[in-house]
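Build the full structure now, drawing on both the sequences and the hints.
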Amino acid sequence: MYTSIIVTGSISYDTIMHFPSRFKSVIDPRHLDKLNTSFVANKMEKRFGGTATNVAYNLSFLCPEKVTILGAVGKDGAELLQFYKKHRLSTTHILRDTTLYSANGTVVTDLDGNQVWNFYYGASEKSSSISLKPCIDAHSLVVILANHPKSFLHFQNEAVALHVDYLYDSGMSLSWLTDTDLKRGVLNARYVSGNEYEVTQILKRLNTTAQALVHKGIALITTLGARGARYQDKNNTYTIPAYSVKKVVDPSGGGDAWRAGFLAGIAQNISIEESIIQANALASFAVEVYGAANHAPTHDMILRRIATIRTMVT
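In the numbering used here, the protein residues as written are 58 to 371.
It is worth saying that the hints were derived from the structure and are not from the lab. Note that the structure is a prediction, hence the values are computed from the model and not measured. Hints are not guaranteed to be accurate.
[What the hints assert, rightly or not] For lysine-lysine, the following DSS-like pairs were computed, each having C-alpha atoms within a straight-line distance of at most 30 Å: (1) K190 - K261; (2) K303 - K100; (3) K207 - K190; (4) K240 - K291; (5) K240 - K261; (6) K81 - K261; (7) K303 - K103; (8) K123 - K190.
See below:
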């Protein structure tokens with residue numbers, strides 16, 4: 058059992074837009090070298106976001122007392138801090154920068170669920186001055202999520218040096234991570250997670266296979282969207298179906314909600330299979346609304362969806 062979950066990542070304001078068509082109808086693949094286009098949205102929502110916010114918020118439904126957030130907000134960060142406090146999440150280790158704005162993300166989603174993100178790091182860069190040492194003990198699990206490059210590598214390298222268990226989800230950081238840094242982050246991790254595209258890219262860039270990674274004692278987690286999730290370690294492979302929602306409103310928060318459900322499960326010492334089922338259940342609430350931190354299921358609601366998925370497995 059892990060007594061604490063140390064969540065590192067970006068803390069941001071998010072703008073979420075819906076494009077009522079398909080990107081492929083606007084983008085000509087023959088002229089990507091001269092790309093100049095726009096996507097006119099018919100819906101827009103503003104929400105609290107960032108990888109650390111999304112995961113911590115979802116953990117607040119299951120084990121808020123175990124969560125420590127390491128990140129930074131800017132001079133406009135008061136609302137974000139109030140949001141954390143409202144959901145029983147400690148802000149003790151969040152740095153407040155008075156010169157930069159908080160990070161800001163903008164995403165456009167098309168009818169096929171494809172997404173284009175733009176992201177401003179802002180104050181996230183300052184989290185590189187925060188140390189893991191005061192927050193961890195022998196029973197801590199660190200979560201390394203997409204962040205400003207300087208901050209992401211700071212937490213990665215410190216976690217490796219401290220020999221602490223960590224879940225590694227490079228996410229959007231894959232766009233700038235060197236193969237050397239990616240390899241160090243992956244090969245020292247206890248858990249590596251990502252969606253199908255991200256996991257495929259990781260394996261390709263490291264010139265390895267899923268079987269080779271798990272043989273080294275690394276658990277590999279692949280979220281599969283509407284098909285659920287796959288977990289692989291040296292001894293077991295689980296593929297657990299997703300909970301079938303009536304309508305997917307916004308898929309952008311599903312992955313972070315999933316990670317929170319899984320993290321809470323292993324921190325509470327429930328089985329890997331049950332942790333995945335819990336993760337699938339929690340992710341189903343996130344995709345039903347705009348934003349990754351806007352759903353609010355009760356404990357009973359989560360339990361009911363867990364029970365439904367469990368019947369699909371057995």
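The hints, checked one at a time:
no.	hint	verdict
1	K190 - K261	33 Å, violated
2	K303 - K100	19 Å, holds
3	K207 - K190	18 Å, holds
4	K240 - K291	19 Å, holds
5	K240 - K261	11 Å, holds
6	K81 - K261	25 Å, holds
7	K303 - K103	23 Å, holds
8	K123 - K190	16 Å, holds
Hint 1 from the earlier list is the only one contradicted by this structure; the remaining hints agree with it.
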